[in-house]
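Engineer: Listed here are the chains, written in short residue letters.
There are 2 protein chains.
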Amino acid sequence: MYTIKEVADKMEISEHTLRFWAKSGFFPFLKRNHNNIRLFSDNDLEWVKIVKCLRSVGTENKAIKKYIDLCIIGDSTIPERYEIIKTTKNKALQQMEELKKQLELLDYKENFYQNLIKNNLKDEWNPMNKSKPEEEAV
Amino acid sequence: MYTIKEVADKMEISEHTLRFWAKSGFFPFLKRNHNNIRLFSDNDLEWVKIVKCLRSVGTENKAIKKYIDLCIIGDSTIPERYEIIKTTKNKALQQMEELKKQLELLDYKENFYQNLIKNNLKDEWNPMNKSKPEEEAV
DNA sequence: TTAACTCTTGAGAGTTACTCTCAGTCAATT
DNA sequence: AATTGACTGAGAGTAACTCTCAAGAGTTAA
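Those sequence lines, one after another, are chains A and B. The first sequence begins at 1 in the working numbering and counts up by one. The second sequence begins at 1 in the working numbering and counts up by one.
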């Protein structure tokens, strides 16, 4: 059993966020001790993991709650949960592609600046820069 | 020259967001026509591109404004801009790793549900499920 | 054993970055 | 002349945190 702080450290999620998620109903089996303090079981950690996963792919909290509720309902909702996971996975793959594209731009910019620095900031008028250098030097 | 709607379509950013970014000072050279309507040049599109890139990697708007301002100041800020790009790139690479990790979990879940469905939802008591199936079936 | 320190709690205010609504302007079409 | 459609700014609304605060336990140090 783990305190909220331990879970926060272990999962790299702030205590605030964990409390917020708990209040949102994301950890339906989370128990408290006699002092009203939340104690996370290993099973609760699995819920934290899946919530973190869904959030990191941009799933809205409302949709996460829906998934959690489907889990609680039980086996009859397995096909629906399967669809949600598939959709989420596709979203993640799309994000991967987008991130790759942005990394290409960042690579380009990195090289661009590196060259300027290597040449002692003197090639302001390389082909990248047209009539008004300061407008182009994005 | 492009209207805000054309840019919105081309770049897959909402008009609202573009106006919000414009008001935030992210497009310092953006001009208007005689009817006060924003007209984006190809150069303005480059600014949209870099802002979209920085945002998609989670850079705060305040930090983006700072980068834009450095661009406007000119050549003396090249080393600083270079550092920003490098830091941003590292952040993007980290996000890539995180996304890969989450994709593994989603793959696992996908297979898990697929198996349940293939076996007509009958293997509720496979090793994944302990004493209380509904608590484990995350 | 009292004081200091740490961890936790809930309530609620504050923040970021949109996102949307609305009333109004303007140009072009019917 | 009336309608349509793109655009405008101001400002309200929203999601998901993020932070502050006062209060209450338990642990440790003098």
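You may find that some hints are simply not true.
As the list makes no split between identical chains, a pair holds if one copy fits it or if it spans any two.
Computed list of lysine-lysine pairs in BS3-like fashion (alpha-carbon distance at most 25 Å, straight line) [as the list claims (entries may be wrong)]:
(1) Lys86 / Lys10
(2) Lys86 / Lys109
(3) Lys89 / Lys5
(4) Lys86 / Lys118
(5) Lys66 / Lys31
(6) Lys100 / Lys89
(7) Lys49 / Lys109
(8) Lys109 / Lys52
(9) Lys86 / Lys31
(10) Lys89 / Lys52
(11) Lys31 / Lys91
(12) Lys52 / Lys66
These are computed hints drawn from the structure, not numbers from a lab.
Engineer: Next, verify each hint and record whether it holds.
Structural biologist: Results of checking the hints against the structure:
no., hint, result
1, Lys86 / Lys10, "neither (27 Å within a copy, 28 Å between copies)"
2, Lys86 / Lys109, "between (35 Å within a copy, 9 Å between copies)"
3, Lys89 / Lys5, "neither (30 Å within a copy, 31 Å between copies)"
4, Lys86 / Lys118, "between (47 Å within a copy, 16 Å between copies)"
5, Lys66 / Lys31, "within (21 Å within a copy, 46 Å between copies)"
6, Lys100 / Lys89, "both (17 Å within a copy, 11 Å between copies)"
7, Lys49 / Lys109, "between (35 Å within a copy, 12 Å between copies)"
8, Lys109 / Lys52, "between (32 Å within a copy, 14 Å between copies)"
9, Lys86 / Lys31, "neither (31 Å within a copy, 44 Å between copies)"
10, Lys89 / Lys52, "both (14 Å within a copy, 23 Å between copies)"
11, Lys31 / Lys91, "neither (33 Å within a copy, 36 Å between copies)"
12, Lys52 / Lys66, "within (15 Å within a copy, 31 Å between copies)"
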